[in-house]
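Visitor: So the chains spell out like this:
There are 2 protein chains.
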Amino acid sequence: MPQKHSLQAGQLQHRLLGPSVSRPKIPHPGFPRMARFQSFDDSTSPSQGPERIANLRAELARRGFEGFIVPRADEHQGEYVPKSAERLAWLTGFTGSAGTAVVLQNAAALVVDGRYTVQAAEQVDTSVITPVQLAETPAEEWIATHLPVGTALAYDPWLHTQDGLRRLEQAVARAGASLVPVDINLVDVIWVDRPPPPQAPVRPHPGDYAGEDATAKLERIRRKMAEAKVDALVVSDPHNLAWSFNLRGGDVGHTPLPLGYAIIPREGRASLFFDPAKITNEAGDAVGDLAEFAPIGDFQAALDELGAQGRKVRIDSATGAVALIRRIEAAGGKVDVGADPISLMKAVKNQAEIAGSRTAHHRDGIAVARFLAWLDREAPGGTLTEIAAVEALEAFRIETGALKNVSFPSISGAGPNAALPHYRVTSSSNRPIERNQIFLIDSGAQYEDGTTDITRTIVVGEPSAEMKDRFTRVLKGHIAIARAVFPKGTTGAQIDSFARQPLWEAGLDFDHGTGHGIGSYLSVHEGPQRIAKTGQTPLEIGMMLSNEPGYYKPGAYGIRIENLILVEGRRIEDGDREMLGFETLTFSPIDLRLVEPAIMTADEIAWLDDYHGEVRKRLAADLDAGTGAWLEEATRPIG
Amino acid sequence: MPQKHSLQAGQLQHRLLGPSVSRPKIPHPGFPRMARFQSFDDSTSPSQGPERIANLRAELARRGFEGFIVPRADEHQGEYVPKSAERLAWLTGFTGSAGTAVVLQNAAALVVDGRYTVQAAEQVDTSVITPVQLAETPAEEWIATHLPVGTALAYDPWLHTQDGLRRLEQAVARAGASLVPVDINLVDVIWVDRPPPPQAPVRPHPGDYAGEDATAKLERIRRKMAEAKVDALVVSDPHNLAWSFNLRGGDVGHTPLPLGYAIIPREGRASLFFDPAKITNEAGDAVGDLAEFAPIGDFQAALDELGAQGRKVRIDSATGAVALIRRIEAAGGKVDVGADPISLMKAVKNQAEIAGSRTAHHRDGIAVARFLAWLDREAPGGTLTEIAAVEALEAFRIETGALKNVSFPSISGAGPNAALPHYRVTSSSNRPIERNQIFLIDSGAQYEDGTTDITRTIVVGEPSAEMKDRFTRVLKGHIAIARAVFPKGTTGAQIDSFARQPLWEAGLDFDHGTGHGIGSYLSVHEGPQRIAKTGQTPLEIGMMLSNEPGYYKPGAYGIRIENLILVEGRRIEDGDREMLGFETLTFSPIDLRLVEPAIMTADEIAWLDDYHGEVRKRLAADLDAGTGAWLEEATRPIG
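In the order they appear, the protein sequences are chains A and B. Just so you know, we're using the working numbering here: the first sequence kicks off at 24 and counts up by one. Just so you know, we're using the working numbering here: the second sequence kicks off at 24 and counts up by one.
The set of hints was computed from the structure by calculation and includes no laboratory data. Worth double-checking, as some hints may not be accurate.
Copies of one chain are not kept apart here, so a pair can be met inside one copy or by any two copies together.
[Claimed, not checked] DSSO-like cross-link-like pairs, simulated, lysine-lysine; straight-line CA separation at most 30 Å:
#, residue 1, residue 2
1, 556, 247
2, 427, 335
3, 511, 576
4, 556, 511
Note that the coordinates shown come from a computational prediction; the quantities given were computed from them, not determined experimentally.
Put together the whole structure using the sequences plus the hints.
Guide: This is the structure we're talking about:
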């Protein structure tokens with residue numbers, strides 16, 4: 024489905040060519056026309072904040088509150104939230120994917136992490152709202168030092184988890200103030216033209232792709248519930264709901280999520296709570312006797328009923344709102360806050376999901392090869408821009424005939440923009456792709472058989488010796504993960520440094536994780552496993568992750584090399600332990616113009632040549648002659 | 024000071040030559056005579072358990088309890104505990120350094136971790152007490168499934184931290200029973216000849232070794248207290264007390280600890296609570312106006328007073344007993360359970376401590392070189408035993424004239440005994456050091472200027488190809504840590520896998536951390552920093568750690584190579600980040616007979632040759648001619 028933010032072609036042309044652009048800009052070349060699944064819009068403005076914040080303050084004063092907390096969150100703690108939950112963007116102008124505003128009567132802060140420092144300062148009116156760096160001053164710290172003694176800070180209990188609330192409670196206690204839940208979100212009170220919640224249809228996810236029917240999944244879920252000694256599970260994470268019942272929807276951008284809740288009792292039918300307008304006949308037929316669909320309006324009454332039965336209810340610690348906990352407890356139930364067992368089950372892909380991913384990667388690999396060949400052909404002409412590249416790549420993916428959406432807005436960065444790991448190109452930030460500079464593109468596709476995520480860094484013209492050194496170190500880190508062998512039980516945190524070691528040796532590092540989990544026609548970011556300092560989940564056979572070390576030189580260039588990988592078992596002769604390793608799923612050339620073989624080991628060079636051999640073997644037969652010839656050259660052995 | 028458990032020479036000879044030994048045994052050779060600081064005694068017997076457990080059950084019944092928990096812990100959660108706190112060993116016969124007994128009326132369990140599984144089964148009467156594996160069934164799990172509904176489980180609140188108690192509370196709640204604190208430990212009630220608490224004198228630690236006076240340390244501690252907004256700090260960890268006030272004692276084995284407590288208020292004099300018999304005039308003079316010495320009997324009243332003032336008191340989460348928390352709260356105080364800030368300060372060594380450690384390592388290096396040369400000379404004769412090696416090494420250390428104690432009982436393992444990472448040789452386990460087998464010795468010294476800890480693995484005769492391969496992989500891991508470069512802020516967990524990677528590649532691993540912190544004439548195991556999966560403390564310049572990867576083949580052989588290392592700053596040209604690395608502090612040959620250069624990189628061989636060159640340079644001038652010639656050969660370059 025098309026993304027809500029996407030634009031009409033005319034609008035895009037207007038902005039691209041219009042007078043408002045502030046940086047060097049060139050019209051994009053004729054080939055592709057527009058992005059269907061991604062907007063380049065700066066849809067907010069710093070000027071929108073002051074009046075809205077003033078209105079919020081008046082509303083607070085009417086209710087006797089000193090302040091209100093506005094996190095970038097919906098009721099499900101989702102990464103992509105529906106337009107109706109974009110309260111932070113509406114109130115402040117800040118459109119980043121993470122951040123928290125705290126609005127007090129005489130001060131207001133927008134707390135953001137390092138990737139959004141620059142963006143926050145550009146998007147909000149800093150005379151009214153102060154951007155604050157999370158690493159230096161978490162929102163709780165800002166509250167503890169700014170909230171006046173004896174006042175009351177309001178919050179929406181549907182937008183905070185128990186852990187989050189505990190940190191807020193401590194902060195408010197330090198300030199000598201009180202923390203008060205409100206029944207209605209105070210931004211919604213003043214947001215008169217707030218869009219309604221999304222109503223995309225809920226449809227079944229075909230069994231050929233899901234690989235396990237909902238009956239079998241529910242049986243496994245209930246076994247975990249029995250182990251945890253809970254009577255019922257409230258599924259607050261729509262990804263987990265979608266996976267459990269083999270349903271997909273379209274309520275948020277880039278992820279085929281049906282927003283809603285499920286209640287799964289140990290025995291009897293589950294209940295699925297959605298806006299009734301979203302339920303299709305096919306979804307009803309597919310779920311059959313396993314569950315009943317109920318109107319989302321009945322959800323709170325169902326929680327009351329669960330509580331009244333005195334049942335012990337598991338609420339997901341990662342996504343469960345405190346409002347859920349309170350409701351159940353108020354009705355007399357016992358709440359057990361812990362991991363939703365579905366998260367770990369969903370992370371381990373079955374044979375159908377793995378086969379689907381292989382097919383999706385083959386399809387995506389062809390589109391990406393065509394794109395890279397096109398880029399090599401067109402870029403030296405000097406007429407390409409970051410947006411043109413996004414549009415071209417999307418066009419090649421659309422030509423596969425299977426693209427449902429892009430799995431996230433492409434990160435398309437030329438020169439210094441590539442140094443921003445989470446850069447999102449807009450019509451006003453759009454840069455030309457210039458000679459002797461690096462161009463980085465991180466993109467992915469949603470196909471019904473699998474979700475992809477790939478980053479390639481290429482050079483147009485001649486790279487500097489430093490660029491080659493840095494690129495090769497990132498590649499060495501990528502290869503270290505790809506070749507890693509580790510015992511069963513090893514967590515992502517334990518192998519994360521393998522990707523960093525070649526950079527560390529040169530006094531360098533990168534400030535993001537090395538890898539995240541990925542869904543099967545679900546979210547491009549999926550937990551609980553990660554290859555990162557914080558990745559405490561043991562890696563298991565069947566888990567899919569990204570492998571994406573990088574290096575960023577602010578103001579100059581950025582590098583990232585990303586493939587998806589699958590955890591597989593490894594037999595090692597004369598070994599003592601059950602060992603694991605990775606199979607690489609993504610097949611696409613790594614730019615040899617940026618590789619410095621002199622700092623690679625023989626094993627690393629052999630890996631690269633083998634990988635490129637595999638890329639040729641898998642893709643060549645399905646490419647047009649021009650792309651095939653390009654691929655032959657792009658994947659030539661260097662060893 | 025001599026260790027409490029140590030034996031008279033006659034006793035030792037008797038046991039060595041007597042009829043009770045069950046494994047192949049040879050008399051030890053003439054050279055060294057005995058270990059002064061380490062016992063080889065099996066001082067407990069499985070037969071002691073049944074009657075004592077029966078007595079405990081009778082006492083429980085008298086008081087209306089179903090059961091009692093007996094952890095291997097003293098009031099300070101120490102690694103070495105005084106004889107008077109060896110309740111677990113007395114009750115069950117189990118002498119390991121970690122474990123928990125749960126005695127119920129109709130069942131009793133001894134829960135131990137993997138390193139003590141075999142030992143527990145040998146040391147206790149399994150018809151009365153069931154050894155239970157911690158990894159499979161933690162004590163809490165055993166309680167939850169064995170404690171009868173409606174009964175009461177008693178515990179001693181001086182032997183459990185708040186975290187530990189919370190886990191117990193959950194377990195008892197699952198069992199539907201209650202958890203009840205007792206005023207007197209129920210083992211003490213039946214242990215009629217329980218030894219009195221130790222009374223070793225408390226003496227000042229000289230300023231030349233401490234490097235910072237107590238006044239300056241207290242100022243820094245109080246700054247941290249101000250940051251944490253606490254009014255007072257209860258120092259429950261005697262290591263922290265010793266460090267803060269530059270005091271040392273001798274109440275437990277191997278660590279010069281003065282057992283006692285301190286209360287440090289934000290303002291005014293601190294109070295040090297000790298048995299008055301332990302206080303020397305020198306200690307009183309050294310502490311001066313900073314603190315008053317008070318009888319340990321007044322400690323609880325002092326907690327009451329602290330509570331009555333309504334103060335906010337920091338209790339150490341790692342070592343603070345729940346009894347402390349209860350006492351303060353009952354008196355009206357507020358308790359803030361968190362890290363004792365002293366732990367992190369103590370971990371970062373100052374210039375005097377570092378200089379002291381270098382001197383101590385030079386001294387210890389000479390003793391170890393003499394020992395290794397002696398071993399190479401004597402071992403081929405076939406008359407040495409594990410105990411003889413311990414005695415010899417201790418004798419060489421005593422000859423330095425500076426040995427205060429060994430820093431832990433030496434782990435001296437020949438052949439299959441080397442495969443037990445925490446092996447402690449006793450007269451009944453003592454094995455001969457045989458040809459073509461591996462011998463591992465892990466030992467350390469307490470000198471007043473520094474604490475050492477070193478492991479060397481040597482082969483007598485010819486190693487197998489497999490032994491060489493495994494040894495070289497362990498060495499590669501050791502070198503990977505020694506050569507590691509990493510950004511400021513990196514934790515030990517992030518680099519731990521560098522030590523394992525060469526083993527993982529062969530399907531192998533080891534089941535202990537790679538490194539622990541070490542004290543300055545204090546505990547050989549010191550936190551909070553660790554190089555291990557659980558090492559979440561960022562490494563800082565001045566922290567000292569061990570670097571000790573290993574490999575263990577059960578029933579065959581074991582390998583470990585351990586040096587101490589110091590975190591230092593690293594400047595890297597053209598780098599972006601503030602980087603850290605390690606300086607190696609331990610200088611002693613690594614057995615080249617076990618090294619397989621064919622599987623090492625040029626960089627690794629260069630490290631080994633450089634290291635051996637440094638060993639020669641530092642030690643040669645201070646060795647006798649024979650040892651010098653041996654060292655020349657033992658440290659020859661292989662590159």
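Visitor: Work down the list of hints and note, for each, if the structure agrees.
Guide: These are the hints, each one checked on the structure:
no.: 1; hint: 556 <-> 247; in the structure: both (27 Å within a copy, 27 Å between copies)
no.: 2; hint: 427 <-> 335; in the structure: neither (40 Å within a copy, 58 Å between copies)
no.: 3; hint: 511 <-> 576; in the structure: between (36 Å within a copy, 18 Å between copies)
no.: 4; hint: 556 <-> 511; in the structure: both (18 Å within a copy, 14 Å between copies)
The structure fails to meet hint 2 from the earlier list, while all remaining hints are met.
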